[in-house]
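Student: These protein sequences, in sequence, are chains A and B.
Going by the working numbering, the first sequence opens with residue -8, and the numbers climb by one from there.
Going by the working numbering, the second sequence opens with residue -8, and the numbers climb by one from there.
Rather than coming from a laboratory, the hints here were simulated on the basis of the structure.
Mixed in with the good hints, there may be bad ones.
Since the list gives no way to pick out one identical chain from another, each pair is judged satisfied if it fits inside one copy or across any two copies.
DSS-like mimics (lysine-lysine), calculated; alpha carbons at most 25 Å apart, straight line [what the hints assert, rightly or not]:
#, residue 1, residue 2
1, K302, K90
2, K288, K253
3, K39, K302
4, K97, K287
5, K186, K120
6, K253, K97
7, K300, K90
8, K24, K133
Each chain is listed here by its residues.
Protein chains: 2
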Amino acid sequence: MQIHPMWDSYPELKAELKETIELINKEVFVRNKEIEAAILDMLQSGGKLLRPAYALLFSSFGDSHSPERARSLAAAIELLHTSTLIHDDIVDEASTRRKKQTIQSKYGKDVAVYAGDYLFTVVFRILSKHADSVEDMTVNTKGMERILMGELNQMHLRYKQNMSIRDYLTQISGKTAQLFALACFSGAMEGSDKKSFARNCYYIGSHIGMAFQIMDDVLDYTQSSKNLGKPVLEDVRQGIYTAPIIFALRKEKKELAYLLKKESAITQSDAQKIQQIVYEAGGVKEAKILAEKYTKKALKRIESLPNTKEKQIIQEITENLLIREM
Amino acid sequence: MQIHPMWDSYPELKAELKETIELINKEVFVRNKEIEAAILDMLQSGGKLLRPAYALLFSSFGDSHSPERARSLAAAIELLHTSTLIHDDIVDEASTRRKKQTIQSKYGKDVAVYAGDYLFTVVFRILSKHADSVEDMTVNTKGMERILMGELNQMHLRYKQNMSIRDYLTQISGKTAQLFALACFSGAMEGSDKKSFARNCYYIGSHIGMAFQIMDDVLDYTQSSKNLGKPVLEDVRQGIYTAPIIFALRKEKKELAYLLKKESAITQSDAQKIQQIVYEAGGVKEAKILAEKYTKKALKRIESLPNTKEKQIIQEITENLLIREM
């Protein structure tokens, strides 16, 4: 099993991530072996494992650190993330993810619906097996609930051309940012008893998540020519407008608005044109500045963490997320 | 809000069920009010509330009974049931349920996917808020996991014409029976500390669930003429074969098998013919006998419960499930 090369510089963390994936392998059990393989394949498809990595890193502070419990938590976070991806793929009718066929396209939406549901329950099983107290559980379930509520609210905002940056930020704060916040917060809670400390970590995670999602949306507009227009095409057809487009619409209202109104009739060449207009109107640049703002907010709070090697890793990877190219 | 008339004879229980639904109303919160209304509407659409009723009834035994905690549990059980129904409707592309438009057909599968997911997390929130111990949580999450695993395994069995009664029983024991078993078991655990007692209740619930599902499948074949063929049509097109058809296939192999092989091309008139063949081959009668067997098993175990008025209600409703007509 391959762990993403971004962790090569941190061999200890890499080993922990490997054990986390092995734990997941042990916990996922489906009688139908084909479906089990599909789920495990998705869990091992070379994602960055950022969320479990942050959970592991934030569990290192404080006195009550247990590596075993931290791994369980990291596994639960990654499983939660994966189950939301499996369900996202149903909604988006996505045929591929990370260059592999999605569960919904390969096995049908029936398998995708129940596989995601099943993983949800595995998340809770792992959490309750390793929770020290009912309070631990409550903290995690509240975090998970916010993530799903974020998704429900996102629905509301589709095809809303006058969507503001505020709407966009609300949207991504509901889902991506909450998941990162949950990873950092529950990691911190695992290692330390101090709630104020964990709360600080919650905000760190939230800022990281915001920066991460904005950069993800920026990357859709700066893809290599081979993929040009493709991710943009899927989003705009479904009425999903992200930071670059929203910023661009402030400057270049007419032609861009005309193209977007075609909605599901938007063609590949329309999408390329949209991409070009967005770039030229400075949408990409402004979105990058916005991402940077969140990264800086996160880094400022990270500064207050105890001076350990884990703190340094957190700093490095958080900075690197901003300059990544995929 | 209407509580199903089947509870009119038990005013105290009816009042508890009403409070359970009110609790659910309080716990479900979605910013998008249209979606919230859709979810609450589904939760109040006049279902029989059998699962929460059993949870409430079984919580009455033992010394540590807390009405408030029992209601939370009952609410969680009903929410879990509803979330699986919302997701089932995506899989089955069902347009109506209990004579109302399904969430997936009214709001699209995006809303249905996330609404079901959201309700899952509400289940866990309620459970963790009212759990006395982490062990309580583990018990409930394990039960929930079995339900979802049952669904994943069911996928495997579609279009399997040589499906045996054993396959069928495995299938329904995974989903429906587990949910009833969980209702009775966790109800019992709530009121009593004795695990052996709760284990007995688990089996009672499981037998009740088996009888209930078999009768549900029987009713598809004994519908009034107005609906003749309709539920059967949907099932056989999707390759879902239930007890009446499986028993009938033992007697009448040729014509029935020929019709079933048409799969998604099965017409309304084919379905009526299937229904007729199944009836004439004794499939309905044999399925009823099978349901009766499970009811008897349940009643035998119910006999061992402490002699209270709740025991009597459990006996009555369990017997009545067998002779219901809808």
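Student: Which of the stated hints cannot be reconciled with the structure, identified by number in ascending sequence?
Tutor: Hints 1, 2, 4 and 7 contradicted; others consistent.
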